[in-house]
Amino acid sequence: MRAFRRARRKTRRTLIQWRVLDAHAPAVDARRQGVGPYVAVVAMVGALTALLWIPRHLFEAVNIALLYLLPVLYSAVKWGLRPALFASGLGVMAFDFFFIPPIFSYAVSDVRYLISFAVFLVVAVLTASLASSLQQKTREAERRARMAALLLGISRRMARVNDAAAIGQIVVDHVAETWGVPAAVLLPKNGEGLEVVAESAKPPLMRQVNPTIASWVYHHGQVAGYGTKPRPELLYVPLKSEDTVYGVLCLGDVGSAQGLSSELRLMAEAVAGLAAISVARVKAEEQARLAVLTTESERIRTALMDSLSHELRTPVTAILGAVASLREAWVKLGSDEMEALVATIRDSALRMNRLITNLLGMVRLESGMMRLNRKICDIADVIGVALGQMEEALEGRPVAVNVPEATSPVMVDEVLLAQALVNVLSNAVKYSPDGSPIEIHVEPLPHAVRLSVRDYGIGVDAAEVDKLFEKFYRSPKTKPWPGTGLGLAICQGIVSAHGGRVWAEPATPRGTVIRLEIPRAQAKEANIRDHFGD
Amino acid sequence: MTILVIDDEAQIRRVLKVLLQAQGYRVAEASTGADGLVQAFAAHPDCILLDIGLPDLSGFEVLKSIRRQSSVPIIMLTIRDAEQDKVQALDLGADDYVSKPFGARELLARIRVALRHRAHDPSPRVLQVGPLTMDFDRRWVSRRGEPVHLTPIEYALLQELALNAGRVLTHQHLLQKVWGPHCDDGDAHYLRIYVGHLRKKIEDDPTRPRIILTEPGVGYRMMAPDENAWPPRATSPEGESAGSPDGS
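Residue numbers (the numbering used here), protein chains in the order written: chain E, 1 to 534; chain R, 1001 to 1248.
Hints listed in this document are in silico derivations from the structure and should not be mistaken for laboratory results.
Result set (EDC-like, lysine to aspartate or glutamate): computed pairs, CA atoms no more than 16 Å apart in a straight line:
| no. | chain 1 | residue 1 | chain 2 | residue 2 |
| --- | --- | --- | --- | --- |
| 1 | E | Lys375 | R | Asp1187 |
| 2 | E | Lys283 | E | Glu242 |
| 3 | R | Lys1200 | R | Glu1154 |
| 4 | R | Lys1177 | R | Asp1091 |
| 5 | R | Lys1200 | R | Glu1146 |
| 6 | R | Lys1064 | R | Asp1085 |
| 7 | E | Lys375 | R | Glu1083 |
| 8 | E | Lys467 | E | Glu505 |
| 9 | E | Lys375 | R | Asp1184 |
| 10 | R | Lys1200 | E | Glu405 |
| 11 | R | Lys1177 | R | Glu1160 |
| 12 | R | Lys1100 | R | Glu1009 |
| 13 | E | Lys283 | E | Asp163 |
| 14 | R | Lys1201 | E | Glu405 |
| 15 | E | Lys375 | R | Asp1185 |
| 16 | R | Lys1201 | R | Glu1154 |
| 17 | R | Lys1064 | R | Asp1091 |
| 18 | E | Lys477 | E | Asp461 |
If the Cβ cut is set under 7 Å, some of the chain R residues that face chain E in the computed set are:
| no. | residue |
| --- | --- |
| 19 | Glu1083 |
| 20 | Pro1101 |
| 21 | His1189 |
| 22 | Gly1196 |
| 23 | Thr1207 |
| 24 | Arg1208 |
| 25 | Pro1209 |
| 26 | Thr1214 |
| 27 | Pro1216 |
| 28 | Gly1217 |
Each residue gets a CB set at the ideal place from its N, CA and C atoms; glycine is no exception.
Here chain R stands alone, though its shape is the one from the complex (with noise of 0.2 Å):
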């Protein structure tokens, strides 16, 4: 497996270069946009991590550039609080993204999540995620056993955070995949209060989701079925709040 990282900073090259080696993938690495393109029909890569602040195009273009060809996986390097910068990556067909600064389990996470959509493995029939059994034949869904009777709003949209489970899925997917494609980002309400029915059924406690995350600004992610300490680590930077004050 080799693992593209197009990024202008050395340090961050070389400790993901660290990193992904430790985990088994080869690495190839480019330090501008011009090169990573090179590099991403050179090197044959299985997977793109993509700075989007890049010193020659912006990671948007390389973005494109690649997409046009190609539908290697791709995940964005990212900053906080850059939602809009998010979503249009995710948009132009990025797969995912991690944000600045970022945990190596998060990172490893989304790899893994992409490779494994890159790899077309038929879609499981039936999904296991922390108490959650899902079987997609039998339209069945069980919690700890106990079935859980969904709208079919309800089951529509919780399939579809399924068979992509560990990816974002911005809003306006999930609405044109669950609503239709004549909806669109005004309609983001009725995601809300569905999504809200569907953590009342499904989580332990809604107020703190574990199986449906919201990626805020953004849209929703199912935590990924291999993510197998339950309950999980949160997703943020080493699961520490990247945003906590100082101030009394």
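Okay, chain E solo, but in the shape it has when bound (with noise of 0.2 Å):
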């Protein structure tokens, strides 16, 4: 099969080259097609000839020498000019011996044919003439139609990249499996100089690219290379695109010792031209996302020092103060006094473990370091390994948990997820009244599960709920509690590891519900699906 296709390609290819050549180069082409249309000529004008002998009694000779314009006709179209001049003058030459008295003479009786003769051949030589440039363009027309094509064709698989040397590999490929030339693309290095970034495997370049000569090219945006050697070399042309060369397109030989036509030299530097877009293109857009990353990192890193700050030294001030009243004033705290200076050091602790393990959270997520490690779980499990974490939180609330019983165990991380829950869950309880109930409800559906929390408190505004997973957002309306935006962030960002989404909506008549989505991996759990009915 494979080979199949390797022998289809070669011969389109071939075909294809050998199309470009023939269409830009007649001269050639005469040449090559050599004395077969002189034959055939001759033969037409015989069977002519042949034909046109038995009834020749019955033709006015003007209607004779009319007839043999088809020949001239024929040859013009089908070979061009020279076959076509060639077949006049043999037609001439027939009509005289075998019609024009004296018959198989070359002698003319009557002077008034030596018109007919002129007229015959002035005739024949137009037609020929028009007729030949006539397929000449349509020939043109044809070469250009497929021309554009490529350059079409060619420009919609750049179109789709967005990595400058995905756009050298597409020019040489194309390069090569389009007019089996040998190419290869270089662009400049990060540092200095310039470095080959695709080079066709088939057909191979015959010699190394020369970096003198291609950061000539890049320099200077002139073409070099060929026609100074007998030995085709190398030829060079910049990826120049508005006086900005952003790279250089080597070709290499055709396979023979011609060397590239000039055709095929057009065809290269508009390729070339092309890919200059592409690369600037890419280059722009590369330009742009590192300008939104720089912003992006800046925002984030001012968001950092103030949450950092903020939420760090807020504690430790609380711890030491309460110390400070402890060591001092000892002898004078009341044992309720005392018990709430330890109650303070004990919750300014706590909340400095959170801000730990939210920003190990964050960092782990940030440096791709978060791994999951998937094991079959239940989420009923998941769920109460969370809600035993918020114990304290939870206290004096009512928490409906709803677990179908059609809930198949799915493959997560259990610590994270475990993790993500309890992310939503404390914002539940931050941001609801005391004692206000808070619900989960789990929702098992065909590719996925879907978890949702939903509490009775501030709410989430429509427009927000995009903006409230995002690092260090916090919405306006949760101003008065602390916080560092990161909660929702990690969440997210669990949740996304496993393949899944999480969204918030505003709950009727109050509250927000968070709902996390988990895609099954298929396979196995469909396996174990069939252990837990038993």
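Could you use the hints to bring the two separately framed chains together as a complex?
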């Protein structure tokens, strides 16, 4: 199968290559066609003569002369000007020899026939030249269409990639496949100089890319290489767009001593121009992305500094204050006051611990160190773990957990998923009145498990449901409470690492619903589901 | 009773010393792994608290060295989110672990459980855990006086957990004890399924289990029978969520 495909590609390649050469170099063509057309012309004229010979008495000589225009016209369309001219000469000679009295002689009895010959020749030559130039124009138009199609194809392929090296590879593949010409693309390295980012494997470049020439072409923006030496060198074409050179396209030899035709060279320049535009586009996109990243990291750094200094210093201040009171006013303090101070120390330490946990979680997510340790888990168990961790915070709250019997196990990292759930739950607790209920609902979907946590708190505005999960974003409504705006961002990071999504919805009449959707890992779970039934 | 604390942080050692001495334990200290190894045999401790992150030797190395010569109970001091470390320490012979930052109540409960197992008490034939009464001679389990009907596997699982009440048991340990030595972590889903069944039969609220607790990423732990408060406090630091977020 593969062999067949290779063979087909080869045929197509040689065909196109031949056509390209054929179209732009008629002189070469005539030579290449050889004597074939002339033999055919002789045969046609001979056959026509034989055909006309028998009923020759029925025709006027002029009619016969007109019929001799047929081979001229045919060969003009079929083989071009020269065979057509040959046909007209041969036609006149045959006409004179066989049909003009005296027959079988080139002598002419009536001088008026000489005028006929002249008229015939003029008409024949005109016909031949008109027809052959028409044919040439048609071929030219076809060639242009083909070229336009090729360039369109290549530019479409290039529009789909976002990486300069990939563009280089497309150009190289395209040149190698379409023309059978080995090629390489050089792009500037990060530091200095050019490097080959793509090189055709088949056919391979016969000689090394010369870095000096490549660099010259890159800096001067001019084509270099061909024609200076008897043995064809590589052709270096700059990838140039509006005075900026983005790299160099290097073309090898076509495989014969004749080298690249001027046509192919024009084509190469067109392709190089296209590549330059694409590389320029990629560069611009890259720069835009970098700019966005820089702004984003600037924003995050500021937020991080703010939240670190505030969120860490506040509990430290509280601890130091409480400790100072305990130390200096030891004797004067009543047991209630002492208890309050100890509680302050404890709460402050826990708050610092929360912050550290979240910062570590964030760093782990950002640095890509979050590795999932997926195992088959009962979703109810994960909820149980999260509720266990929230035990104290949930005191005095009615918590309704609804897990349908039919919920089959899922492949998740239970530690991380419990963490995500804890983050959602502690927001629910934090931003809703003491004693208000919290509801956890599990919905088994065909391809996912959906977990919803609903509270009856301050709610969320429809406008900010997307922002809620951004790092360091805190809704204006939450200003009265301390916080860093990391909890939901970490939750989202964990859920996305599972291939799932998390979103917020305003609940009616009040409160917020946070939904976590974790996709199922198909095969294994289905297998487990069978066991689960028994 | 002597407890050896091997931790490089002076502050942690100081706090632990005060805490443990207040409970009537004698305390020996070591700040490096090498010193800890010496003390482990010189001080004849009844229980060792061993930090995983030591400056000279890793906690695992110290654990292995001690285990080669002694079965003294060892409780590892680990950090949160390092489940692999916990499992590895348990596999290497640690009795249990507490995650930093840990609460005093949690640590003392672990020490009590470890010391009890160390004492080689004959396994109690009747065990009371929360509302659950297990009579292992009669293979009889009841909850608030009502009989609980268990399948043989559920019973074996419950028994293994109960005989080690208060200790964490890894998934692999439970699988091999209950299903047989050929089981490995790949069969962990059976365990989860049966724990789920068991909880439905013995817990008041299976979604908020209090008898069989999940140690995420590690295994299961049955509530220690002497935790007399019922319902018990949670086992994470002082019951407070250690990882609750602050974001909106």
